[in-house]
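Enquirer: Okay, here's what each chain looks like letter by letter:
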Amino acid sequence: MVLAKDVEIEGNRVLCGKGTELTPAIIERFQRMDVSHVTVAGRPVPEEGGKTLKEQVHDVEQRFAKVRHIKPLMYLKKRIQQRLIDSRAAGSQKAEDADAGSAGQEAGGDHG
Amino acid sequence: MNRLLVAGNADFLGAESRMLLEAKGYQLNSCERPQDAVALVLEDPPDLLLVEKGFAEGGDRQLIKAVVSCLQKSNIPILLALSADELANEPDWQDAYPVDDIVIKPLVPVDLLARLRLAEARMLRVFDNNPLSRLPGNTSILRAIRRVLAKEEPFAVCYVDIDNFKPYNDRYGFSRGDEVILMVARIIVNVIEELAREESFVGHVGGDDYVFIVHEEKAEEVCRRILHNFNMVRNLFLSAEDVAAGEFVGLDRQERETRYPLLSLSIAVVGTGGGRYRHSGEIATAASELKHYVKKLEGSNYLLERREPDSAGGAATNGGDEVAEVETGKK
Amino acid sequence: MPARPAKKQGAIMVEPELTAEQQKKRDNIRKALREVKNLPTLPGIVSKLTRMADDPDTSTDQMGKLISKDHILAAKLLKLVNSAFYGFPQRISSLNSAIILLGFNVIKSLIISASIFELMEEQDVELWEHSLGCAVICNVVAKRLEINDPEEVSTAGLIHDLGKVAIKMELPRESAEVAALVESAEINRFEAEQRVLGLEHAEVGGWLAKSWNLPAKLVEPIRCHHDPASADNEPLVSAIVHFADIMIRGLGYGHGRDIWVPPLQPRAWELLRFKAADIDEILDEVEEKLWDVKGFSLDIKAEAATTATKG
Chain A
0 MVLAKDVEIE
10 GNRVLCGKGT
20 ELTPAIIERF
30 QRMDVSHVTV
40 AGRPVPEEGG
50 KTLKEQVHDV
60 EQRFAKVRHI
70 KPLMYLKKRI
80 QQRLIDSRAA
90 GSQKAEDADA
100 GSAGQEAGGD
110 HG
Chain B
0 MNRLLVAGNA
10 DFLGAESRML
20 LEAKGYQLNS
30 CERPQDAVAL
40 VLEDPPDLLL
50 VEKGFAEGGD
60 RQLIKAVVSC
70 LQKSNIPILL
80 ALSADELANE
90 PDWQDAYPVD
100 DIVIKPLVPV
110 DLLARLRLAE
120 ARMLRVFDNN
130 PLSRLPGNTS
140 ILRAIRRVLA
150 KEEPFAVCYV
160 DIDNFKPYND
170 RYGFSRGDEV
180 ILMVARIIVN
190 VIEELAREES
200 FVGHVGGDDY
210 VFIVHEEKAE
220 EVCRRILHNF
230 NMVRNLFLSA
240 EDVAAGEFVG
250 LDRQERETRY
260 PLLSLSIAVV
270 GTGGGRYRHS
280 GEIATAASEL
290 KHYVKKLEGS
300 NYLLERREPD
310 SAGGAATNGG
320 DEVAEVETGK
330 K
Chain C
0 MPARPAKKQG
10 AIMVEPELTA
20 EQQKKRDNIR
30 KALREVKNLP
40 TLPGIVSKLT
50 RMADDPDTST
60 DQMGKLISKD
70 HILAAKLLKL
80 VNSAFYGFPQ
90 RISSLNSAII
100 LLGFNVIKSL
110 IISASIFELM
120 EEQDVELWEH
130 SLGCAVICNV
140 VAKRLEINDP
150 EEVSTAGLIH
160 DLGKVAIKME
170 LPRESAEVAA
180 LVESAEINRF
190 EAEQRVLGLE
200 HAEVGGWLAK
210 SWNLPAKLVE
220 PIRCHHDPAS
230 ADNEPLVSAI
240 VHFADIMIRG
250 LGYGHGRDIW
260 VPPLQPRAWE
270 LLRFKAADID
280 EILDEVEEKL
290 WDVKGFSLDI
300 KAEAATTATK
310 G
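Residue numbers (numbering that gives the first Met the number 0), protein chains in the order written: chain A, 0 to 111; chain B, 0 to 330; chain C, 0 to 310.
Hints are computed from structural coordinates only; laboratory data are not their basis. Any given hint could turn out to be false.
Stated by the list, open to error - Here are some, though not all, of the chain A residues that point toward chain C, as calculated from beta-carbon distances under 10 Å: (1) Phe-63; (2) Lys-65; (3) His-68; (4) Lys-76.
Stated by the list, open to error - Result set (EDC-like, lysine to aspartate or glutamate): computed pairs, CA atoms no more than 20 Å apart in a straight line: (5) A/Lys-65 x C/Glu-182; (6) C/Lys-64 x A/Asp-5; (7) A/Lys-77 x C/Glu-280.
Glycine residues also receive a C-beta, built at the ideal position from the N, C-alpha and C atoms.
All chains, full assembly: derive it from the sequences and hints.
Expert: See below:
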């Protein structure tokens, strides 16, 4: 995993810069310095036991069930659903890329 | 002045003392858990406090701290009840137990009563505190300055002033003016408490003038934080339209309509290092010259007195590019 | 107290005139809710704050950051700083300002005196996430609308559901009835509250905020977050909190079984003047910030678990 954003700590000091690859040592350092979460590059991959995309989209549909007559909210609903779909698609694409790519990667390769 | 909070283990007060105090008109409220006592102090403060030393493993100190650390409650007399043995161990009266008086366990009712009465009377005699901010006044300020002048380590004596306070008062009324005075007092106290507590001092000369003293190396950080916090809070004390306009219109001393910038702070910082000053009056004079310059700067600013040529000196403004140095004429 | 008039079609709820008996019931409940003392917060938050307060290296800023995620402690701070003793009656409407004016020691005392939920339920954490998420969206929207002090708006967004905790504490039986009705009838919580209690949490929150001397800038958005059109002084802030509440539910941060996105009031929509592109951009900004919310609640649950095992 690679950091998508700088990890800042107290006093706006940068602990770890964007682009750094997370190693177990670095993660341990984060824990010691009480960093609770970081932003990594790439789209979230569905967790095991998590909902399928279909279920998630349906959940959103249900949430908005009582406001079908309100146009702006229907737009909001569509956008939220679309983002879910997009992020899943990107996530699986990245996973495919990574699989395909790692086969031919050498140590000096540049992931970017 | 008769609501007494009694905090300690079950019935350390004793039935006799309780009866006597109630007979003499005290309203007693007992707490065995420090948590409850602290909540009371925060939301419904008593007039007097009687604490049993060592109850609830440190609960006594938490409670004392809660009372002492809040400006508005610094006039609540605190009595500490302890055993002769504990007394022999010489508690830390400065830091851990800044109490007003002690009573020895087992409590003797008439003794306890006398101590409570005396503590109340003493509180009324403390005339030096500013009635609004409860901060020490002129006499204490002079004493504090003299104290640091006598020390080896360098201190910074800082004079804080609220700019355009009179037009603000005229526009918003004295009640609001009082709120602002209180607000600045709290900001100064809280910043120093957090950043530069050691050997520090905060006083309120009166009106919109304050004096604080910190170790010299902390001065800039403290000034910057005070100004930052002031800027964060200031707009709550102004009307939305004035904030939007960035100024307000008032009358000057000649009754002419003038535009005034919004409230800001000016801090003049005089260092005691290098043995430059020997008398508190000299510090006040130096400060007043500095103030003359810093009050002219737009917005909130602090200004350090320029040091001797061979040491690093300087001044700073609040985020502006302007850096002003001032020769005070002192060698 | 005059009975509430029936509202026109198109508004949130249509209420009949109250009978004398219903009115009496309302007044009784109102009295009970006024007595509410120490509202509890999540144990994980208090234990974390206690650790922080005991650590000499902790700054007020750090504690402030955590408190800004807890709607109960935030409300307490605001109540304290606006109380008669502090000298700023109804003046302080932003949490950051409250923290600056109260200072480290007072905050520490507040933490010591804080009460906690004995048993932390899943639903409780959801309310915290919902409140924090609402604050986040309020902040984004307020900045977008170039409001002078966006932090005041996010403070209102943070504490808008105060009434829910008060109802749960003071009327636990009724609160459970309400929860059951939400589930069985599949309606919004505030509708269920109306049916069971004859009042709802926004109103209750408004009473509390008012009795705590909070400024109108906070009282109104709390009271009017389901019905921003009824706001006299702060219609825009109320509209923002109303919208943020809707959006955060749309994003999945409802509370308990009340997952339903409530209707958006036309008047609120008018005040906000958003177009489609605005919604997209707001979603963009908000999505990232909401990871903070998830992170926070994971933190709190982990904290509570550690404390539990320590015993």
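Enquirer: Hint by hint, note whether the structure agrees.
Expert: Structure-based check of each hint:
no.	hint	verdict
1	Phe-63	holds (5 Å)
2	Lys-65	holds (5 Å)
3	His-68	holds (8 Å)
4	Lys-76	holds (7 Å)
5	A/Lys-65 x C/Glu-182	holds (15 Å)
6	C/Lys-64 x A/Asp-5	holds (19 Å)
7	A/Lys-77 x C/Glu-280	holds (14 Å)
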